[in-house]
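These protein sequence lines map, in sequence, to chains X and P. Heads up: the first sequence begins at 1 in the UniProt record's numbering, then just goes up one per residue. Heads up: the second sequence begins at 1 in the UniProt record's numbering, then just goes up one per residue.
Source of the hints: derived by calculation from the structure; they are not laboratory data. Do not rely on the hints blindly, as some may be mistaken.
[Stated by the list, open to error] Facing chain P, from chain X, some residues (calculated, C-beta under 8 Å):
id, residue
1, 9
2, 88
3, 123
4, 124
5, 128
6, 136
7, 139
[To be verified] Cross-link-like lysine to any residue pairs, in silico, SDA-like; alpha carbons within 20 Å at most:
id, chain 1, residue 1, chain 2, residue 2
8, P, 213, P, 193
9, X, 186, P, 127
10, P, 141, P, 184
11, P, 213, P, 126
12, X, 186, P, 126
13, P, 213, P, 230
14, X, 213, X, 109
15, X, 186, X, 155
16, P, 157, P, 142
17, X, 109, X, 127
18, P, 186, X, 127
19, P, 186, X, 126
Owing to the predicted nature of the structure, the values given are computational and were not obtained by experimental measurement. Don't be surprised by glycine CBs; every beta carbon is placed ideally from N, CA and C.
There are 2 protein chains.
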Amino acid sequence: MRNIKLTIAYDGTNYHGFQEQRGTGLLTIQEAMEDCLTRLAGERIQVVGAGRTDAGVHARGQVINFRNPNWPIPIGRIPLALNGILPDDIVVLSAEEVPEEFHSRFSAKAKTYSYCIWNDRIPSPFYRLYSYFMPVPLNVKDMEQAALNLLGSHDFKCFQASGSTVKNTVRTLYQADILTDGPLVKLVFTGDGFLYNMVRIMVGTLVQAGLGKIKPGQVVEILQACNRVMAGPTFPPQGLCMEQVVY
Amino acid sequence: MRNIKLTIAYDGTNYHGFQEQRGTGLLTIQEAMEDCLTRLAGERIQVVGAGRTDAGVHARGQVINFRNPNWPIPIGRIPLALNGILPDDIVVLSAEEVPEEFHSRFSAKAKTYSYCIWNDRIPSPFYRLYSYFMPVPLNVKDMEQAALNLLGSHDFKCFQASGSTVKNTVRTLYQADILTDGPLVKLVFTGDGFLYNMVRIMVGTLVQAGLGKIKPGQVVEILQACNRVMAGPTFPPQGLCMEQVVY
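Sequences are here, hints too, so could you generate the full structure?
As structure tokens, then:
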């Protein structure tokens, strides 16, 4: 049995998320990948993704893998072969053969996500699909201060979409940086794992600090409360991008 | 009579160019602007654009103007008022009142256009609508050498779409720079005016130099031939962006 790992990038604008929703008629990244892989293999291929990005969420380094005993194409030629038949908003960046036990989700040691805010009085037509437009000025220093409180191992229960049923809500955050480039404010998070909507709720909470609605230190209390209503709102999907998965 | 100048940016992907094509059912930038201005003014507004960008061509600094005796909105509030009702792929960057004789096209002293090529083996899902994908490596030094030959005043007849009826085809090019940023090769042209498709044909010609199909010095012969078939192909619209108009 061969196990093949692909690193892919996609513009999620036109997709109903990563995970397959067969029978619904809704387009997903997983189905687009599986359909093209199945065409190349001549037999049904099913993929596993490192993260189930939501509708409208993008990726610069999503990782998927699939197992197949008869895979016909040399590994080095997979990107070109797939890119030739994939829709042009999904791209295979690289391919490699991995040990049979490799699992794109369970083998992941860390993931990096970014979230872009276009923080200017005037929106940008070119970033509208890749950022969230906020005309009110953000205090980036306060956001940075607030973000420091998220670093390390915590119970991130309050930064999880309400209704989630995950039992262990402790996660470790290694990076919570705020970068600026002109009107762009980019929040970058690296952690050993993320709860459902965790990044978008952390962004909503840090933005509250950036708007002066909470003090940076209050993030500590929010974490300790373990109550979703204490944290900020879930920010919209289009600013979110899955950047990298580390194994 | 008041004369108002607007600087606008747009993602041209979803439009059939700048110029109105009323009655055809095709969406254009001019019509979108006129429809929104007419809503604000309560009477029919017609605009003039500095350049008639083609379908799929973008703008970061297109300039339009319109004349109206009864314009109701303070100049400083025009961007916000228009951006509130325009589709989100068109944005008004600034507004100012100008002398009655100002004409966005005829008063223009110079214009700057850019053309982006994504020069990498692997395409980018994020630049697919804003660049032209070329997997074959370009020799940027040769393109720069070739571009130098375009600078100055020349008869650019061979860099004009065939079938054009413009009589005076002499134009002056002030800038023909090639900038690189990772896989992006960005060609920037500033001139006192551009013939129809001139930028996209210059790009097609410089790319031939970048691929070694012509020598950089051959651009001189191409210019002198005054024959469209001597120059390179017209490059596709999505890489082109109207950057700035100088008055």
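Checked hints:
1. Given the 8 Å rule on beta carbons, the hint for residue 9 of chain X holds: about 5 Å separates it from the nearest Cβ of chain P.
2. At about 5 Å, the closest approach between the beta carbon of residue 88 of chain X and any beta carbon in chain P falls short of 8 Å, and the interface hint on this residue holds.
3. The interface hint given for residue 123 of chain X holds, since its Cβ lies 6 Å from the closest Cβ of chain P, which is under the 8 Å cut-off.
4. Proximity of residue 124 of chain X to chain P holds as hinted, the smallest CB-CB distance being about 7 Å (cut-off 8 Å).
5. Given the 8 Å rule on beta carbons, the hint for residue 128 of chain X holds: about 5 Å separates it from the nearest Cβ of chain P.
6. With 8 Å as the threshold, the beta carbon of residue 136 of chain X stays out of range of chain P, its nearest partner Cβ sitting at about 13 Å, so the hint is violated.
7. For residue 139 of chain X, the interface hint is violated, the least distance from its beta-carbon to any beta-carbon of chain P being 22 Å, above 8 Å.
8. Between residue 213 of chain P and residue 193 of chain P the CA atoms are separated by roughly 28 Å; this puts the pair beyond 20 Å, and the hint is violated.
9. At most 20 Å may separate the alpha-carbon atoms for a hinted pair to count; residue 186 of chain X and residue 127 of chain P meet this at roughly 19 Å.
10. For a cut-off of 20 Å, the pair hint linking residue 141 of chain P to residue 184 of chain P stands: about 15 Å separates their Cα positions.
11. For the proposed pair residue 213 of chain P and residue 126 of chain P, the alpha carbon gap of about 29 Å is over 20 Å, so the pair is violated.
12. Only pairs whose Cα atoms come within 20 Å are accepted, and residue 186 of chain X paired with residue 126 of chain P is accepted, the gap being roughly 16 Å.
13. For the suggested pair residue 213 of chain P and residue 230 of chain P, the alpha carbons sit about 12 Å apart, so the restraint of at most 20 Å is met.
14. Our distance criterion of 20 Å between C-alpha atoms is broken by residue 213 of chain X and residue 109 of chain X, whose separation comes to about 34 Å.
15. Restraint check for residue 186 of chain X and residue 155 of chain X: not satisfied, since their Cα atoms lie roughly 24 Å apart, outside the 20 Å limit.
16. Our distance criterion of 20 Å between C-alpha atoms is broken by residue 157 of chain P and residue 142 of chain P, whose separation comes to about 23 Å.
17. With a CA separation close to 31 Å, the supplied pair residue 109 of chain X and residue 127 of chain X exceeds the 20 Å bound.
18. For the suggested pair residue 186 of chain P and residue 127 of chain X, the alpha carbons sit about 19 Å apart, so the restraint of at most 20 Å is met.
19. Straight-line distance between C-alpha atoms of residue 186 of chain P and residue 126 of chain X comes to about 16 Å, which keeps the hinted pair within the 20 Å bound.
In terms of the numbered hints stated before, the structure departs from hints 6, 7, 8, 11, 14, 15, 16, 17, listed from lowest to highest.
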